[in-house]
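K.L.:
The primary structure of each chain is shown beneath.
Protein chains: 2
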Amino acid sequence: MKEVVLGIDIGGTNTKFGIVDLNGNILDSKSISTAVHGAIESYLEALSSNIDQVIANSKEEIVLKGIGIGAPNGNYYRGTIEFAPNLNWKGNIKFVELFQEYYEIPMVITNDANAAAIGEMTFGAAKGMENFIVITLGTGLGSGIVVNGKVVYGHDGFAGELGHTLVNVFGRHCGCGRKGCLETYVSATGIKRTIYKLLADHNGKSELIDINFHDLTAEMITQAAKKNDPIALEAFEYTARILGMKLADAVAHTSPEAIFLLGGLTKAEDYIFEPTKKHFEDNLLNIYKGKVKLLPSGLKGSNAAVLGAAALIMGEIN
Amino acid sequence: MKEVVLGIDIGGTNTKFGIVDLNGNILDSKSISTAVHGAIESYLEALSSNIDQVIANSKEEIVLKGIGIGAPNGNYYRGTIEFAPNLNWKGNIKFVELFQEYYEIPMVITNDANAAAIGEMTFGAAKGMENFIVITLGTGLGSGIVVNGKVVYGHDGFAGELGHTLVNVFGRHCGCGRKGCLETYVSATGIKRTIYKLLADHNGKSELIDINFHDLTAEMITQAAKKNDPIALEAFEYTARILGMKLADAVAHTSPEAIFLLGGLTKAEDYIFEPTKKHFEDNLLNIYKGKVKLLPSGLKGSNAAVLGAAALIMGEIN
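Protein sequence lines correspond, in order, to chains Z and F.
The opening residue of the first sequence carries number 15 in the working numbering; numbering runs sequentially from there.
The opening residue of the second sequence carries number 15 in the working numbering; numbering runs sequentially from there.
Isolated chain Z, as found in the complex (with noise of 0.2 Å):
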């Protein structure tokens, strides 16, 4: 019998689960949406009947020590997932409890980018520092922060927002109600509103205006850049001077040693963290200056978030 865990990482469009050992290996792993269950009632449903097919159908024999789930405004503290923004499920849900239902065994929640920063601390590419911030650029801005080699979760339980700092008071409406957050700039979907934009701007001389904005995505914008599509260049450099700004003013709260950026909009590598960097240096307080490293995630593909939400739970019951 192999002790495993598992890590559940719940996006606003679709939630991936992997069964992991206590090594870090991913032995098996399934996604399945979340934007179509308006009820996390259904959702909870189709999730575990998920997990329970994979686990029957796995080739080791395997026992299940206990979950861990990162999720937007995924509160640690409280077990429970409090007026996500980009969830279909509104007010305050009971995860835990409801999901204990299900599986009887130890389980925590987080946030999904603190459960990302877990997962680079523990197997990624922040092995062995103490001071980091992991951001999640997917359908919004997430973001863990690490002190002292430990996730900040704070007073209440929700520390590393980021996503809903401030950029324009006068800015684009968020899905939290109020107006210029970061991530409305500064996501998978951010770029693409920053799109439409520039388009608005320049009255089209671009391959991207004849995309809808449901059918546009980050990948397409990062491959009109590649063809030098001047208004997908503009959107990446439009994107990486706020994200350089807020990301200079993140420093000066808690002088990290290095800024993970993750998630989908990071397909687009040097086209994101080349003008990043430069905006990122430019806006830095002169005692910061060419100490603090932009990286990628030291993890593959989308199982950050999988490999934290472990992490976390594995810490938990050790």
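Hints are all accurate, no fakes.
Heads up, the list lumps identical chains together, so a pair's fine if it works in one copy or across two of them.
Calculated lysine to any residue pairs in the SDA-like style (CA-CA distance at most 25 Å, straight line): (1) Lys-211 to Val-183; (2) Lys-219 to Leu-247; (3) Lys-164 to Thr-136; (4) Lys-164 to Ala-272; (5) Lys-164 to Met-143; (6) Lys-292 to Asn-182; (7) Lys-211 to Thr-231; (8) Lys-211 to Leu-180; (9) Lys-211 to Phe-184; (10) Lys-44 to Gln-114; (11) Lys-303 to Leu-180; (12) Lys-193 to Leu-180; (13) Lys-141 to Lys-164; (14) Lys-307 to Glu-251; (15) Lys-164 to Tyr-90; (16) Lys-73 to Asp-42; (17) Lys-307 to Glu-96; (18) Lys-307 to Gly-105.
Derived by calculation from the structure, the hints in this document are not laboratory data.
Using the hints, position chain F against chain Z.
P.N.:
This is chain F only, laid out in the frame that chain Z set:
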């Protein structure tokens, strides 16, 4: 022989030091000018001769066990003051090394707001709090961030420089060489600049119009506000709006239980606290609303930083 430590609070204008017993009682204290000393050598000479004098005149038999220092851009790890915009001594000052030529005893330095945070935690209104932020509103804006009961120094020892987070990239010139930093708007100096901006905007109509910039003080602005001077009242509103917005951003980083406002500008009491509370709440993400207290220091007058510097070295020698 009573065991004591020395707490030193170095500000851009004045330096205050106190002989502090291990229960946090200030036995003696004195203030000297920081600003008159263009060179660090003459400053240290003046500081040490004043300290020696106070010790010589002490009513009790005392033995000095250590020295704690709070200073702008004080680096805990390296014992330095580095590139402090509001001090005359430029570049990288090896403060502890230089000052240990006068006193060969344990000595440690950190930024003045970190020291104030330690003072508030050890002897003031943050007793028992694990997660809070201290903001000092003096010549500049300093900040000390406490997470899990410990001051955050970060990777490089310079965490907590919120005075140099960005308000407006095209904004006011800052002593750090950049533009639009928070402290250019929110500090005792910042509100003076705001008075001048408002006098320019409104072409006068204030009792403050007859005072030159050098003579103008935050205290005069408070007195004018008490007489319903419209420019003074608008200056507090303007300052509070920017402070409230940036404190809401700070909450999204480390999710504190409380934020303490200290220093010269807070002598305006309700004139600064009330509008700041309003704008702070208005700008908080919904998961934080109504949960974060905005409080004055629990320590009298300007003692927080001296007691904090003393508490800092007490923590090291115990």
